[in-house]
Amino acid sequence: MLPIQIVEIQNRLDALRDQDLYIHLELTTGAYAAHHDTTKHPAANFITNALVRYGIGSISGSDPYRVGLKMDKGWIYAEGLTHYDETDEERLIMAGHDSTGKLVVALQLSREPF
Amino acid sequence: MEQRILVVLPHPDDECFGLSGTLARRIAEGAQVTYACLTLGERARNMGNPPFANRITLPQIRKGELEQSCRAIGIQDLRLLGFHDKTLEFEDQDLLDLKIGELLAELDPSLVVTFFPGFAVHPDHDATGAAVIRTIGKLQPAARPPVHCMAFSHNHRESIGDPDVEVDVSSYLKQKIASILSHRSQFYVPQLLDKNAHKSREVLERFGTERFWTYKFA
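Read top to bottom, the protein sequences are chains Y and B. Going by our numbering, the first sequence opens with residue 4, and the numbers climb by one from there. Going by our numbering, the second sequence opens with residue 502, and the numbers climb by one from there.
Isolated chain Y (complex conformation) (with noise of 0.2 angstroms):
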């Protein structure tokens, strides 16, 4: 994983648009958030292998980035992103990690199942 590129991430985007993808988004605190510290309250949620298909898709910010992709009927948005896989040519794969290297958020994209 290396830290985002903006330029390289919104080529990739441009070139996912107007197809059926795949999609895994998640959002987590991780399971031990509240034994570790009753004060906060763990929440976590992820959809794998959804079906969707965007017609404008953008990556904003500056580290920690969002991406915002505009569906027919709706939206999907992810905050918090600061990682992608430069070694995954086919699939879009992002990150966000705390500053102990924790992911926090993930946003993915392929055209084949995860």
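In short, the hints are calculated from the structure, not lab data. By construction, the Cβ of each residue, glycine as well, lies at the ideal position given by its N, Cα and C atoms. Fair warning: there could be bad hints in the mix.
Listed next, the stretches of chain Y that the computed footprint assigns to chain B, with coverage defined by at least 3 CB atoms under 8 angstroms from CB atoms of chain B [stated by the list, open to error]:
1) 33 to 42
2) 83 to 93
Chain B regions said to be covered by chain Y (calculated; three or more residues, Cβ under 8 angstroms) [said to hold, decoys possible]:
3) 540 to 553
4) 611 to 624
We have chain Y already, so just place chain B on it with the hints.
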């Protein structure tokens, strides 16, 4: 008599802090250990620091870490059951119980180790412990192997009291440290990195005893 131990836990690394020393000791005493790991921990947040894994690569990385940990401990038989991390509490209970029941029938263990349902913090831990207890509870009382449970929720002693099994693993800290360090995507414990860490008094105090509760079937 030679012990046959069946360990049932949901995630790679669930064995390392609370159980690896005990397993290393029992194996040195002649035990045969099967470790059934229900998932690959593929939804973990820890990816190394700085991160060297991602959601795509993490399952294979954690599988390798688990195999390394098992070698460090001396575990003879690792089974990967292929369930998905974070989903066990929502899984088909009959399927979970069937898989655990098949292992019990095949291995006829003299001891089973799992998490204490309700006192193990992570929903997968509780669901795994519950499935083991449910499956063994269906057996005739005389056919039930003893079940040693791990518990670490904040208030567990108020409900289940003190552990009735304490295992001195002070002579097996090398194996235990190697097990913990195997899971390098998940843990960074500077205290354990020194090659003489197993001789350190602080390490002995923190890691030298492992504690279990023998489950009391109603």
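Next item on the list: Closer than 8 angstroms, Cβ to Cβ, for at least three residues: run that test on the region 540 to 553 of chain B against chain Y and report holds or violated.
Entry: With 10 residues in contact (Cβ-Cβ under 8 angstroms with chain Y), the coverage given for the region 540 to 553 of chain B holds.
Check: Are 3 or more residues of the region 33 to 42 of chain Y near chain B, judged by a Cβ distance of less than 8 angstroms?
Finding: That given contact holds, which follows from 4 residues of the region 33 to 42 of chain Y lying within Cβ reach (below 8 angstroms) of chain B.
Note to self: Using C-beta distances, would you say chain B covers the region 83 to 93 of chain Y, given that this needs three or more residues below 8 angstroms?
What the structure shows: holds (count 3)
Item checked: Within 8 angstroms of chain Y's CB atoms, at least three CB atoms from the region 611 to 624 of chain B: coverage verdict -> Coverage by chain Y holds here, the residue count being 3 at a Cβ distance below 8 angstroms.
In this structure, every one of the numbered hints holds.
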